[in-house]
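Please build the complete structure, drawing on both the sequences and the hints.
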Amino acid sequence: MISQVKEKVYIRGKAVRCALGEEIGTVVAAMRDHKVHMEEVPLSLINLDYGRPYYRLPVNEGEAPSNSEAFFYAVLYATVEKAIVDAQLTPEEIETMPIFFGSTSIDIPLYEETYRTASNVLSKTSSGYGNIANEIANHFGIKAGCYTFTTACTSSANGVLYATAMIDQGAIERALVVGYDLFSNLGFCGFEALKLIAPPPYRPFDKNRLGVIMGEGCGAVVLDRRSQEEGAFYCMAGANACDTHSVTTHDPEGHAIAAVMQDALGRAGVSADRIDAVKAHATGSYHNDLTECNGLKRVFGGQVPPVTGLKSFVGHTVGACGVIELILFSEAVKAGFIPATLGFETPDEELGITPLTRDLALASGTFLLNYFGFGGNCASLVISNKE
Amino acid sequence: MTTGNPNMHIHNYGSFVGHPVEEMKYYKEDVSRYTRLHFRRANRFVLLSLAGACRCAHEQGIGKKTAVYLTTENGNLGDTETVLHQIFHMHQFPMPYNFINTMSNTASFYVAQSLELLGRNVTFSSKLLSFERGLELTSCDMEMGAVEEALIGGVDEASFSKEQFEAKFDRNYDDYTMVEGSCWLLIRQRAEGALGRVSAVASFAEIGNAVAWLKNESFDRPVKVAHGILMTPEDKATIGRALPDATPFDAISEKGYFDSAAACAATTFLERFNSATLIHINKDTRGHYALLRIEKY
Numbered sequence: 001m002i003s004q005v006k007e008k009v010y011i012r013g014k015a016v017r018c019a020l021g022e023e024i025g026t027v028v029a030a031m032r033d034h035k036v037h038m039e040e041v042p043l044s045l046i047n048l049d050y051g052r053p054y055y056r057l058p059v060n061e062g063e064a065p066s067n068s069e070a071f072f073y074a075v076l077y078a079t080v081e082k083a084i085v086d087a088q089l090t091p092e093e094i095e096t097m098p099i100f101f102g103s104t105s106i107d108i109p110l111y112e113e114t115y116r117t118a119s120n121v122l123s124k125t126s127s128g129y130g131n132i133a134n135e136i137a138n139h140f141g142i143k144a145g146c147y148t149f150t151t152a153c154t155s156s157a158n159g160v161l162y163a164t165a166m167i168d169q170g171a172i173e174r175a176l177v178v179g180y181d182l183f184s185n186l187g188f189c190g191f192e193a194l195k196l197i198a199p200p201p202y203r204p205f206d207k208n209r210l211g212v213i214m215g216e217g218c219g220a221v222v223l224d225r226r227s228q229e230e231g232a233f234y235c236m237a238g239a240n241a242c243d244t245h246s247v248t249t250h251d252p253e254g255h256a257i258a259a260v261m262q263d264a265l266g267r268a269g270v271s272a273d274r275i276d277a278v279k280a281h282a283t284g285s286y287h288n289d290l291t292e293c294n295g296l297k298r299v300f301g302g303q304v305p306p307v308t309g310l311k312s313f314v315g316h317t318v319g320a321c322g323v324i325e326l327i328l329f330s331e332a333v334k335a336g337f338i339p340a341t342l343g344f345e346t347p348d349e350e351l352g353i354t355p356l357t358r359d360l361a362l363a364s365g366t367f368l369l370n371y372f373g374f375g376g377n378c379a380s381l382v383i384s385n386k387e
Numbered sequence: 001m002t003t004g005n006p007n008m009h010i011h012n013y014g015s016f017v018g019h020p021v022e023e024m025k026y027y028k029e030d031v032s033r034y035t036r037l038h039f040r041r042a043n044r045f046v047l048l049s050l051a052g053a054c055r056c057a058h059e060q061g062i063g064k065k066t067a068v069y070l071t072t073e074n075g076n077l078g079d080t081e082t083v084l085h086q087i088f089h090m091h092q093f094p095m096p097y098n099f100i101n102t103m104s105n106t107a108s109f110y111v112a113q114s115l116e117l118l119g120r121n122v123t124f125s126s127k128l129l130s131f132e133r134g135l136e137l138t139s140c141d142m143e144m145g146a147v148e149e150a151l152i153g154g155v156d157e158a159s160f161s162k163e164q165f166e167a168k169f170d171r172n173y174d175d176y177t178m179v180e181g182s183c184w185l186l187i188r189q190r191a192e193g194a195l196g197r198v199s200a201v202a203s204f205a206e207i208g209n210a211v212a213w214l215k216n217e218s219f220d221r222p223v224k225v226a227h228g229i230l231m232t233p234e235d236k237a238t239i240g241r242a243l244p245d246a247t248p249f250d251a252i253s254e255k256g257y258f259d260s261a262a263a264c265a266a267t268t269f270l271e272r273f274n275s276a277t278l279i280h281i282n283k284d285t286r287g288h289y290a291l292l293r294i295e296k297y
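As you go down the protein sequences, you meet chains W and Y in turn. Going by the working numbering, 201 is the number at position 201 of the first sequence; the sequence numbering is gapless. Going by the working numbering, 186 is the number at position 186 of the second sequence; the sequence numbering is gapless.
Hints in this document: simulated from the structure, not taken from any laboratory. Every residue, glycine too, gets a C-beta built ideally from N, C-alpha and C. Certain hints may be false.
To be verified - Taking lysine-lysine pairs in the PhoX-like style, the calculated list, with each CA pair at most 25 Å apart, reads:
hint, chain 1, residue 1, chain 2, residue 2
1, W, 35, W, 297
2, Y, 162, W, 6
3, Y, 65, W, 124
4, Y, 162, W, 143
5, W, 82, W, 8
6, Y, 236, W, 143
7, Y, 236, Y, 215
8, W, 143, W, 82
9, W, 334, W, 386
10, Y, 236, W, 297
Unchecked claim - Residues of chain W clear of chain Y, computed beta-carbon distances all greater than 10 Å:
hint, residue
11, 331
12, 358
13, 376
Next up, the structure:
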């Protein structure tokens, strides 16, 4: 029997740093203006004379180089600090707040530079997957538990899911959920080796889509039973499951993906016809978009609500996308719009779903957020800012 | 935080612990005893995960909605090293399946695929407390009705680096036998047919709070006390005073050390004892304590 959530779990504080900037107002304004910041990253490490696009973080004057340990922690700590300030947490609330950390690359970016001149660095020196969350705890004087999710592109979405559930159950009062993935050659070259990286522009759901363009970023939210902000978003529920079709792709018919969406809706106590819009995972790969659209049609039948994808604004930030896209989507709605799927031009009759081609004016609603990843991971979240 | 879900009944356990064997064929042959799937591209971490999980699920008639929680400290070290070597030293793209396998959740995927499980699937870590925190997630999912049946395991490759081990733990590497392992529990909400129960998972910022918690517990079976690697002699003495009638149980000496030692202590206790209670106290590098209470009927 599905048990439904009892508590509203509010986004009490949030902060993001992504290719569009590091202040939420700036990021939302850029989304409204349909701006992007993409760079070509050379593949000279592989002795190739071409590059591939990537949504890099703009590096500010005076900041450490983007491949340094100092930069890694500066971005992480500054983003978490902003979320804590935004949430107006007291010192006691900070101290007792558990950390839910989700990432695909975890600490790989910290080790890569050393590999240029050394071997087996990771197995000689890695402190383990849980270390980054512990570093956050040490830096901010947090004495509560640390939970690190490494479920590929659903990592930080799973962090949101479990933090919400534990708050709802009364096991914890509040939680800091962080999604963080910085550029790594491992991820960049790995995606290129899979022939998944597309040339610009990024075109999720488009008939002429050619794949993924990666991005980097950090998102942090403080989830709590209460919020000082009127009209704040709250997480209603979520679900997670495994699609065992293949380690790299999901069942193209969308059965497993549909089951996860339906599970999330059931736990939120929301019927499909009450969903005002869907933030799709929308990676732009042929298989992912096809699978997701088939799943959406199974859940919503002929009444699919407005659908959009956000990755063409900030790139596919892999494990961090759970929190980053939660912030981008909810802040855009609070600003009165759901962004169009940037780059989309030509409908694909095979998908049978046309995403938003123009921004949709909407300031409140109940929304379904989808996240899927390698290793069969599927996660869906239901959020709302309706009273 | 204390998780006292009364419905975490242990129906089986399975473990695969030993000295690393270089030849992957050894692992593939072992796993092939439990599954007909061929894991041509599987690596050591994946095969280790399968060896423990498949033993645990073997002939248990587990349902398709069974959840998988794979807890690990380090995940897939081998393929990650291979891929970084390919990129930085050979200046080549990684082999696609080497790259895919750097994401450790591929191991929990293969566990689900081999056992045909479509339920929740989480690869999870929490520095030195991964297994205990993973049990918190299991409890959370069971409490919300998302999971009725779950496989939860601790999986880690062996630590070969003396330098890393001694820096991480401030312990003498040569005092330990290094092994690799994959130790799993099959947990159901249903009590009928259970061989034991996870009766509590609790975490404390200070040992005094752990002692206070222990003093409020009552025990109707003999208590075995096991400790994590970072527990100091003073910590152990403090716990010993709180549980004066308990008997020490040193799973690390018995089985060897790998980073999922708490999971190994749980399965070794279930294997070794009947009608007993395990109290396992673990400590992380922040000085936090996690306490696990397991009953064996």
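Violated hints - listed by number, lowest first: Hints 1, 2, 3, 4, 10, 13 contradicted; others consistent.
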